[in-house]
Every structure is written in C-alpha cells, then in structure tokens.
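Enquirer: Using the sequences provided together with the hints, build the complete structure.
Protein sequence lines correspond, in order, to chains H, W, D and B. Per my numbering, residue 1 is the first one in the first sequence, and the count goes up by one each step. Per my numbering, residue 355 is the first one in the second sequence, and the count goes up by one each step. Per my numbering, residue 709 is the first one in the third sequence, and the count goes up by one each step. Per my numbering, residue 1063 is the first one in the fourth sequence, and the count goes up by one each step.
Calculated from the structure, these hints are not laboratory results. Note that the structure is a prediction, hence the values are computed from the model and not measured. Glycine residues also receive a C-beta, built at the ideal position from the N, C-alpha and C atoms. It is possible that part of the hints are untrue.
Unchecked claim - Distance condition first, Cα-Cα at most 25 Å in a straight line; then the derived SDA-like pairs of lysine to any residue:
id, chain 1, residue 1, chain 2, residue 2
1, B, Lys1262, D, Glu996
2, B, Lys1104, H, Asp290
3, W, Lys554, H, Glu288
4, W, Lys615, W, Gly517
5, B, Lys1104, H, His289
6, H, Lys42, B, Asp1352
7, D, Lys772, W, Glu642
8, D, Lys908, H, Glu46
9, D, Lys969, W, Glu400
10, D, Lys908, H, Ser52
11, W, Lys554, H, Thr287
12, H, Lys200, W, Glu642
13, H, Lys200, W, His643
14, W, Lys554, H, Asp290
15, B, Lys1228, D, Gly1026
16, W, Lys554, B, Gly1075
17, W, Lys554, B, Glu1108
18, H, Lys200, W, Asp644
19, B, Lys1262, D, Gly1026
20, B, Lys1323, H, Ala61
21, H, Lys200, W, Ile671
22, H, Lys200, W, Thr641
23, D, Lys908, H, Pro53
24, B, Lys1323, B, His1343
25, H, Lys166, W, Leu583
26, D, Lys908, B, Arg1376
27, W, Lys428, W, Pro438
28, D, Lys908, H, Ser39
29, B, Lys1262, W, Pro407
30, H, Lys200, W, Arg640
31, B, Lys1262, W, Gly367
To be verified - If you want the ones that stay clear, here's a sample from chain W, every Cβ over 10 Å from chain H, calculated:
id, residue
32, Leu377
33, Pro424
34, Gly536
35, Arg619
36, Arg673
Here is how the chains run, residue by residue.
4 protein chains.
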Amino acid sequence: MKQLTAGLLGSTGAVGQRYVAMLDDHPFIRLETLMGGESAGKMYGEAARWLSPTEIPRAAARMKVRSTSPENAKGCDLVFSALPSEAAERVEPRFAKAGFNVITEASARRMDEHVPLIIPEVNPSHLSLLDVQRKRTGWRGSIVATPNCTVTGLTMVMKPLLGRFKLRKVVVTSMQAISGAGFPGVPSLLITDNVIPYIKNEEEKVADESRKILGVAAGGSVSPANLELAISCNRVPVVDGHLETLYAEFSGAVTPAAATKALTRFRGAPQELHLPTAPEHPIIVRTEHDRPQPRLDRFAGSVPGMSVVVGRVRNGIGRNSIQLTLLSHNTIRGGAGTAILTAELMAAQGRLGR
Amino acid sequence: MKQLTAGLLGSTGAVGQRYVAMLDDHPFIRLETLMGGESAGKMYGEAARWLSPTEIPRAAARMKVRSTSPENAKGCDLVFSALPSEAAERVEPRFAKAGFNVITEASARRMDEHVPLIIPEVNPSHLSLLDVQRKRTGWRGSIVATPNCTVTGLTMVMKPLLGRFKLRKVVVTSMQAISGAGFPGVPSLLITDNVIPYIKNEEEKVADESRKILGVAAGGSVSPANLELAISCNRVPVVDGHLETLYAEFSGAVTPAAATKALTRFRGAPQELHLPTAPEHPIIVRTEHDRPQPRLDRFAGSVPGMSVVVGRVRNGIGRNSIQLTLLSHNTIRGGAGTAILTAELMAAQGRLGR
Amino acid sequence: MKQLTAGLLGSTGAVGQRYVAMLDDHPFIRLETLMGGESAGKMYGEAARWLSPTEIPRAAARMKVRSTSPENAKGCDLVFSALPSEAAERVEPRFAKAGFNVITEASARRMDEHVPLIIPEVNPSHLSLLDVQRKRTGWRGSIVATPNCTVTGLTMVMKPLLGRFKLRKVVVTSMQAISGAGFPGVPSLLITDNVIPYIKNEEEKVADESRKILGVAAGGSVSPANLELAISCNRVPVVDGHLETLYAEFSGAVTPAAATKALTRFRGAPQELHLPTAPEHPIIVRTEHDRPQPRLDRFAGSVPGMSVVVGRVRNGIGRNSIQLTLLSHNTIRGGAGTAILTAELMAAQGRLGR
Amino acid sequence: MKQLTAGLLGSTGAVGQRYVAMLDDHPFIRLETLMGGESAGKMYGEAARWLSPTEIPRAAARMKVRSTSPENAKGCDLVFSALPSEAAERVEPRFAKAGFNVITEASARRMDEHVPLIIPEVNPSHLSLLDVQRKRTGWRGSIVATPNCTVTGLTMVMKPLLGRFKLRKVVVTSMQAISGAGFPGVPSLLITDNVIPYIKNEEEKVADESRKILGVAAGGSVSPANLELAISCNRVPVVDGHLETLYAEFSGAVTPAAATKALTRFRGAPQELHLPTAPEHPIIVRTEHDRPQPRLDRFAGSVPGMSVVVGRVRNGIGRNSIQLTLLSHNTIRGGAGTAILTAELMAAQGRLGR
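Expert: This is how it looks when you write it as structure tokens:
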C-alpha cells in the first residue's frame, strides 16, 4: 500500500491520544500533523496529559502541536477527527471544504443523510454515499463518520444474525466503561461503589445509528434497517470495555448453535483485504460460562482490542429467540481502531491520496 | 403485638449478621438464641467477623453462640435461618419437625411444592400452603421460604403490572452487588475494574421463583404464573444494591404514566397491617433521568432498604411495552428484611407463638 | 442554649450539602438562608445535585436559594461558608465587614495571622485572636477558620501525645478519600484501579496548619508548635474517610500502652460543655489488628463521623517512638462537623448572637 | 547462553501463571514440566483458571499437569517454585535433595541462614552461600529464595542510597495491590470502597528481608544491614502494583538532586551481563508531581514490569533526609520476574545445568 500522511484534530484529548498510540508504528499511515486548540505551539509530550499505561510514542512527543486550521494540514492525505461533538460540527466541514478527507468519531454528523456511517466489516458499501455528498456540498474533500462506542460491537454482532436469520427485535442492556465518557468525564464521586443507569442521548444514538449502519445505501441515501430496538444504557466502574446483554427475536427458529456458527464465521471486507488493523476474527465466541469479561477480554483478537467477544449464547424465550453477552473495547474497536480501519479500507478502495 | 422470641441459624455469617442488626431494637421480636456451627461456645462479639459499618449491637455481642440444635432453641416462637443452602437442607427440617416455625432465606426448599415462597406485599395468601405442608410432612412446626435477592425487587415491580395490565413477557438484565455472594464471596481479583456476566444458577432461580410467587396457591400447591422471562445476571463492583433493567411486554396497550401510577399506588398486606418493618411505600418511583443508583438509593424508604426504587419508566417498542430500571437492597429487602417482615405477617395472622 | 439562625455560603455544592444535612435537626442552630451564586432564585431541591445517600431534608429542599450577598443574610447570627477557596477570599470579608461571624472551611485565610484556626477539642483558646482581628480589620463581624480535612484527624491525635510526651518529629502518609476533592473533583478515569501519590498544596497545608493549631495564641498571634513534619499525601479510591499512618518520635521514652491511654482519655472543651455535635470520645482506639478501615469506621462515634478512630498503636524504632494508624471522616470531622462544633463552642462562649 | 529446561511447582495458581506467561518465549529457559497437586493429569489449559488479560500460551495450555514429585522433574536444569508457604516448606527440600536447583518465591525459607535471598541487581554475591548450603544439608541441588513483593522495590531503591549516602533510618508506608494476596485472596466485600491497614506478618518480613538482602555475605552467612526501619503495610483496591512512600534519614547531608542521580545511575550485574529479563534501567525516576501511579506505571521499563519507578524525590526534615514515592509491579518485579532474572544470573555464573 502506498504511504499516506494523516492529520489529527483534537490530538491532545483522551480520544486523540488513542490515535497517536495506535498509529505509532502503522505500516502505511503516518501521523504528520497534530492539531489542538489550546495547546498550539507546545510540544505534544507536554500538551497531552498522557492517560495510557503505555509510554507516549517518542516521535509524537517531540512534535509541535499546531492550531486547528486546514492550512496546517497541508499535504495530509486524510484527517482523523477526535474532536468533541460541538467543535466537530464547526471545524470538520472547513477541512472537507478545503479538500481533506475527514474521518470522524464525533457524533455531530453521523445521522446526516449524505454522511456514510461506517464499520468496515459491516457496511463498506455505504462509502458510495460520498459521491452524492461531494455533489450536494460542493466539498473537494469529504466526511466519513464512525459510530458510537456502544453501537460498534452491537452492530457487528447483529450483522451476521440479521443476514442469516431475519432478526426482528432486540433488547439490549449496556454496562459501559468510564473511558467512554472521555476526560475528565465521569466524576469518581458519582461512580465509585455505584452504577449510573443513564447516559445522555446514548440510547437514541444506539437505536438510530444501528438502523442506519444495518440499512441499505442506494440512490445517495440510506434506508434504515427495519429493526425493533429497546435499549438501556448504564455506566459501571470499569476502565475500558463495554459489556452488553442482548435478547434477540427472529422471524423464524434459531438455535444457539446456529447463531454461534454464524457469528464465528463472520468476515468482512477488511479481512478479505488483509488490512493491517483488521483482526483475523471480527467476532470471537467464547464457550466458558463466565465470559466475556471487560478486564480479561477487552484486548482480545489478533489486533488487540479489535475483536468483539461474545459469550453465553443461549436460548431466549421459545424457539425464535436467543440471548448472548458481548464485549468490545470502547476506545479501540468502538473508537480509534474502527476509524483507522476505515481509513485503511478507503485507501484500499483508492478513495484516499492523490 | 405480643412479644415473640426468635432463634437464628447461621448467626455469625454475613447473612446472619443482618438479622442481628435489624432485630436489635425490634418492637416485638427478640433474638434469644444465636446458633452457629463452629463458633459454638464463643461470645457472639468474638465469633462474628462483623462486616457492617454500624456497630455490632451490644446485647448480641455478649450472647454466647450455641450449637445448631433444636434443643438450644427451646422456647423460641420462631427460628430464622441464615444458613447456606446445603446446611439449610439438612438442618431446617429437624427444626420444623421439632415444632419450630422456620423462616429461611436459603434456596434449598424454595421450589418445594408445599413450601410457601413469600414476599409479604405480593403473595401473603400463599401462607395457606402451611396447612398442607404440616399434613404431608407430619411436622409440628413449618418452613416458610423467602426468595432470592434478585427476585424480590423484580417480583414486587411485576406484581402491580401483572394485576393491572396483563404482563406477558419480560426481559431482565441484573447488575448485582458483591454482597449478594455472601462472605468471602467474590474475590476482589475477579471483580475489580470488571463485570462478571454470569452468576451460577441465578437466572434459573429468578425465572422459577418469580413464576411461583406470582402464581396462585390453591388446593395445597401453587400454579405458577404464565409469564415469559429472559434473564441475564451480572455481578458488578458495587457493595450493596441490585440494579435491574426491565423490558416488559403486555397483552394490551400500556403507557409509562399508567405504569408509574400502578407502581406508585401499590400497597400490600404489610402496609394495611402497619407492620413495623413495612415501608410506607413498597415501591418508590423517581422521575430524575439518572435514578435509581445503588449507592444513592439502596437505603430508600421509610424503613431504610425496604422500598424498591424504580426509575426511567419509559416506552419500550410499540404501544404494548414499557421499560424501566429498578433497585432493591439485596441484603435487606432481598434478604433479612423480607424474612422479618414475613415473621411479622405470620404473627399478625396468628401463625406464630403459642 | 438560645436559638441561633445561620446562613450558608456555597450551599449547593458538595461541601454545602453536608451542612444542610447535619443542621437539619440541630437543637439550636437553624439554617435560614441558603446562598449560591448561579442557583439564586431556584428551589434548593432543584439547585443542589444531592450527592448523599440520605434524602435531602424536606425543609431545605423547599427553600429558595438566594444570591451571595450580606443583605440576604440579614438577621442571621452566623454564616457558615462552604465556598471554594478563591470565592471565599473575595466574599467572606464582605460578610465579616457587614457584621457577620463567618465560620469557614475554605483554605484562603487559615494561615492569616489574626484568623483563629480552630478544632474545638484542641485549641479553643485561639478564639481569643478575634479581639485583635476586629481591631485590626475594623470588621464588626469576624472570620474563624476550620482546618484542612487531613489536618483535623492528625492534629487531634497529636494533641494528647504532644502534651503528655513531648512529640518531636512526625512522619505521616495519608490515603485520602475522593470526596476530599469536592465535586466534580477527581475524574474516575484517573483513580479507578489506581492511587494518585500527590495532592496539590496538601502537604504544605498539613504541615503549616498543624503547627498553627498546636501552637500558642498570645498577644494577638499564634506561635507555631515546634514540630518536625514529613508528609506524603495520596488519593485512594475510597468514597469517604481519610486514613493516615503516623510514625512519631518523642524526646523521651513512650510505650504503646501509655500512648493508647493518653489518646483514649483525651477530652476537650466540647465534651465538658456537652455540645450537641461533640462525640463522647473524640478519639476511639481500637485494638483489632486490622482497624481502622474507612468503610467500617468512618461513621464511628456517638455523633456519627465525629470521632477519630485510631488503631495499630505499636512500637516504632527504639524506645522513643511509636507508630499508629488513624482515620477521620473527611467531610464530617474534617469538614462541616468541626465547623458546626466551632459554632456551638462560640455560642457557649457567648461569642455569637446579639 | 545454552538452553535450560525448567520445572514449575504450583503451576496452576495465580503465582504460577505468571511464570507460564513470562517464560512463554524466553530465549533460553524452556518450561518443560508443569506440576500441580490437585490438577495432576489434566491439561494445563483446563486446570488453570487463567487470571490474566493476555491469552494463555498455547504450548502450555496443551501440556499435561504432573503431580508434585522430583521424578516428574527429571531432566530439568532448575525448578521454579510458586508454591504457597506451607507446601513450599514441605516440598522444596525434597527437590533440592534430589538434585534440583530450586528458585522459590515462598516465604518459608527466606530467612534461613544458608538460603541466599536474591535480587540480582542488589546482592548477586549472596549466591556464594550455596556452597555452605550444600555442605550443611548434603543436598545435591539447592534452594535460592526471592523476596517478598513489597521488599523488592523498596530494597532496590535503598541499595544505591545506602551505598552512596549512609542510609540510617527509613519510615515506609505501603499501599499494596490485591494481587499480592494471591487467589482467591482478598474478598471484594472487604476491599471495595476501603483500605485495609494491615497485612499479616508483612511488616516483619519487610524489615527482616530488607536487612538480609542489604547485608554482607561472608563465611557462609549474612550479616544483616544496620538499618532502622518503621513500616506500615496497607491493602488498597488496586489490581497490580505496590506503591510505597519512603522517608529516609542519612548520617550526612543529602539532596534530592544527588539522590535522584544515584537512583537513575544504578545498574547491577543483570544489566552488565545483558540478561534477557534485565530492564535497561532498574530504577526509573519520574519528575512529574503525580507519578508513579500503579495503573500508569506498573509496566514501566524496557522489560515491562521489571523497572522500579520512583517519583516525588524531595526534601524530608532538615538536611539529612529525603522523601520519595516508589512503585513496583508486585507479581513481576516483586515475583516471577525477579525469580527468572535470578535463574538467568545463576545460568550466567555457571551455577545451573550440568
């Protein structure tokens, strides 16, 4: 693959740091421009309050943070955005207009009609929306979004079930890690010895984004999947890794064994294309009674943190339903990892670079 | 109410300690005999590794622990059992045979045909099984069971919904506190920064016990409620308080407002009889978005820990379903509190004492 | 005691809420005016994000929050201040000038020459500074400060050792609860599965304030105690309760038994005056190997949370030193409780009211 | 280095699993025999309840666990022991007698006169005790011990201070991780939202073992270092990583800068010999105010978890003392890592193999 250079918006925050860590030794994407509002001018190593147990990459630590402006990204083949939602809404279109292909984690434009909302294993064909996007906006560049951290694992699990068995209704309860709220995020005084049974706007996002991702892109927009969803989102005192219980009803009969087979065999475009950030198995099904667990399974997969781990696949109510539990690393598979994988997919499709 | 004297089986363990704490200043039940296998002969204050932030009651601390034998309970009007399941299975019938009315938290006999499984607000009429129980077993005493800690809150919430709206199907995910596993219980190495998505036999208990409690007692046995249940039980790093998300489908239309009204108005026999351990409101519905929370709501109610707290009552899928979140204190309402309330109910019905 | 009415600055924050909770049924101090910057005009029940497991007091919930201004405190006999340090520095002198006796938890003026820094059991005589304070400032009212939450327990333990045995050198390591940082305070992402070995300015405060409190007030200022201190402050994932290990060297020989006796017998003015918030025993010494523990001992004492719990009193190095571990509830004894006790002491001394 | 084959006693427990993980791709030590009492006959993958987030090594998972007997270790050049103390006391001498060189983490024989207690960077010369050991016991093999998990980091930090500045007196407070108690170890009900200020026998071990390690081996025994120690050991709710605060007094003047230099420059035999498990820097000194932290720093070093991280080097009381905070990974540097490094050192010295 030919070399690509990337810029990073919101580089010093908790989300941005994941990109810096994951791209440190990427085979063909090189982070060349680190941008950040208030830190502009400082060395990245000083500007970022590094939150990860791994060392800050040396090369990045010595780079100077630049202000958030398209001129500063000159020469970049793509721009990752780790901006919070409001800043994203304001800033990203300026970069798209200036000719940059922006891949964003922000929620701001995920539901925009012409913005593809991508999980590379699930709906790579939605990137076709970009042609209409450019036409309607007049942008020389583009905006591609990646989903909410709770949606990613859930949708990856629903995809093979949907295709194979006519998934009809889903009841989901999430137990989400504190890192999902960013930094400073959840005050320790609220979450220690506690569970918070509510995350603002999260349940709506999970419902809407899931239906869009599992929908059909045609004629420049997406027809959302016809799927009934009931969702309860909770915050638990866990550092990383979103756990979700799933009760699924189908139009016909399903067995746990058949569902397990469909989940285990699931592969997508990233696996076929052997993209560097693609895990060998997008979904790993464990058979022990008490897995997946956030602390033990969040780094599962041949690319750590990129596989969704499923366990407890079992009967639901009657012959038409099953239950299972799933886990995905919220800031890797549910964040930077899926964005980087999307960049790799776009590169493979010739959509990046000049 | 006339004074009753009580014995306590398994008094030194984590479960037993709750009885000692709750009965310390009870208006008419006096703990007279503390029994415990290995601690017999020691002072209770030395034998019990006191696990609660409140001081060990002085009177109890100075009582001598006796060995587990019906002779040692002589004179007691009732015997509470805080024994683990296997010991309970072996020991409790000996006490029943010797003429004691045993009220037990153990799971061993909850599903026995002639053993009433009681939540005083929900199914006081099931105590009528005792007549058949005595006939079949030849016991002079009796055994009454109280439910699993996850069942209690759930069933109290389902009861008013069932009566009023024809509840048909329920999908439940629990997030259970570590104290639910007793002592030593869950190793800290397993639950710190983690969730364990499985609790042995718990989901079966929740399904079976709920149906029995909500069923109809007639002719010496219980016809279980016809209710479809899908249950996922999880352990979270919280000290006390079981949180449960509930998705409920009904045969007809239901609104969150109507469900809220039914839950709020729910009262049972303990409230009518003004029993001392009965909370004024068995169910408290909170309207804030982010409640109930274990740490903030576990001691809710006019009798601390005896009210179930419900929140987030909202639409489910379509017009025939709702969702909500509920919390109950697992060792009070889900343990000693319900057992003591059962004793109070039996006393009020003239079933205890001589 | 005659009735006193009080105002509260910073009433809606985490610190302010403690005053509202503790004064709810005070025998002679009635909270009449709740002040708060941004919440002015709202009902207190809406304005305060209530952080405690106990219910918000009903009377307070229905009071209207007023803006922070001396006119709004008219008629109050004293004003408690739960303001953060910067606001305190600006606001409190305006109240003192307007004639109010301000009792403040803020660090802003604790080390001011004419501000008494009071723990009622330790240095009640320092209130004599108020005469000089009024003279120098021209205030009709006054400002009295209470110490840092880590200082309070430590100083109470040092006091009887100092008096009895000539304490010379102290090495302290604190393990401080998250509530000590206020709200939102410590991000959960920083403290989960972690200890933070640093709290900004805390070690300096502990050293300076301890020496002032244990010093001698004479001639309008305090000569600090001649005491060598080495202090390490750490934040641990505990909700409430500061734990401290203490190594103490003396000028002469000391035994653990003698130190235990001195600690156990310690009493102060609040005990002699039978003030309502005074615990019967300011210091409780436990003899079990593994106490005090924050979760089990933080509410110790006849007034919950007002006693300091000491344990593990044992030999140090050689005959002239001992070691021990102490615990105090940081927001009660280390916060609102000591401030309220100070108000009670001032009332008993005739320093409050008209 | 020539290839060595190793046996492992207590292979299925929490401690044993660390050896299996760390030796998975060792350049010259190959685990050939996994022993375990109750699991004998099972595959290791089934017998071990794998507690680590990393996958169980495939080769080990398929090995059959053998019973604990010298015959089963036939052909092994050394035997690591991860046995609990009592079993170690009974079992290890049988292996030494049968000709095996046993390297043990167990506390049982650490203080035995002829057993070297080794930290390879600190006291490699103590291995000379082995000649006397063989003579006195008549063993063909030998027993070498590695220290308690709290001692290792502490002693590594004291070593350069002792050599350079005449360390005289040390006051230490530890905040120890739950994994230090093994499995099942500390019940979650005891440590959640809590600190336990006591660990059985730990303070005695820290004092005795530190003095032995820093002592001088001559004439077949060790003269312990003349060092005054006051130690307080605490358990905190952290998964891995022991944090310790240290106040140190010297016979002469010391500055933080000079101490930092001595710590930073410290190297030992493992570094000179370029042993594979030797970190480039045995001690890493961080200059940020708020480091080291267990979650961020426990895997520090070129060999993850093998470097001790020091921070907050600062003045103590007067010119002759300093304070600092240190962290070491208790199951790597404080456990399996130091044992493996000891094996590497013994191999380099020609003490292993035939």
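Enquirer: Does lysine 200 (chain H) pair with glutamate 642 (chain W) here, judged by a C-alpha cut-off of 25 Å?
Expert: 12 Å, holds
Enquirer: Between lysine 200 (chain H) and arginine 640 (chain W), does the CA-CA distance stay at or below 25 Å?
Expert: 17 Å, holds
Enquirer: Within a Cα-Cα threshold of 25 Å, do lysine 908 (chain D) and glutamate 46 (chain H) meet the stated pairing?
Expert: Roughly 19 Å between the alpha carbons, so the hint for lysine 908 (chain D) and glutamate 46 (chain H) holds.
Enquirer: Is the claim that glycine 536 (chain W) lies outside the interface with chain H correct, judged by CB distances over 10 Å?
Expert: 18 Å, holds
Enquirer: Are the Cα positions of lysine 200 (chain H) and threonine 641 (chain W) separated by 25 Å at most?
Expert: Given pair lysine 200 (chain H), threonine 641 (chain W) holds - Cα atoms ~15 Å apart, limit 25 Å.
Enquirer: Are lysine 1262 (chain B) and proline 407 (chain W) close enough, with their CA atoms no more than 25 Å apart?
Expert: 22 Å, holds
Enquirer: Take a quick look at whether lysine 554 (chain W) and glutamate 1108 (chain B) sit within 25 Å of each other, Cα to Cα.
Expert: Distance ~19 Å between lysine 554 (chain W) and glutamate 1108 (chain B) Cα, so the pair holds.
Enquirer: Has the given pair, lysine 554 (chain W) with glycine 1075 (chain B), been kept, meaning a C-alpha gap of at most 25 Å?
Expert: 22 Å, holds
Enquirer: Would you check the hint for lysine 166 (chain H) and leucine 583 (chain W), treating anything up to 25 Å between C-alpha atoms as holding?
Expert: 22 Å, holds
Enquirer: Is the hinted pair lysine 554 (chain W) and threonine 287 (chain H) satisfied, with a Cα-Cα distance of at most 25 Å?
Expert: The given pair, whose Cα atoms are some 15 Å apart, holds under the 25 Å limit.
Enquirer: Given the hinted pair lysine 1262 (chain B) and glycine 367 (chain W), is their Cα-Cα distance within 25 Å?
Expert: Cα-Cα ~22 Å, so holds.
Enquirer: Given the proposed pairing of lysine 1323 (chain B) with histidine 1343 (chain B), does the C-alpha separation stay at or below 25 Å?
Expert: 13 Å, holds
Checked against the numbered hints given earlier, this structure breaks none of them.
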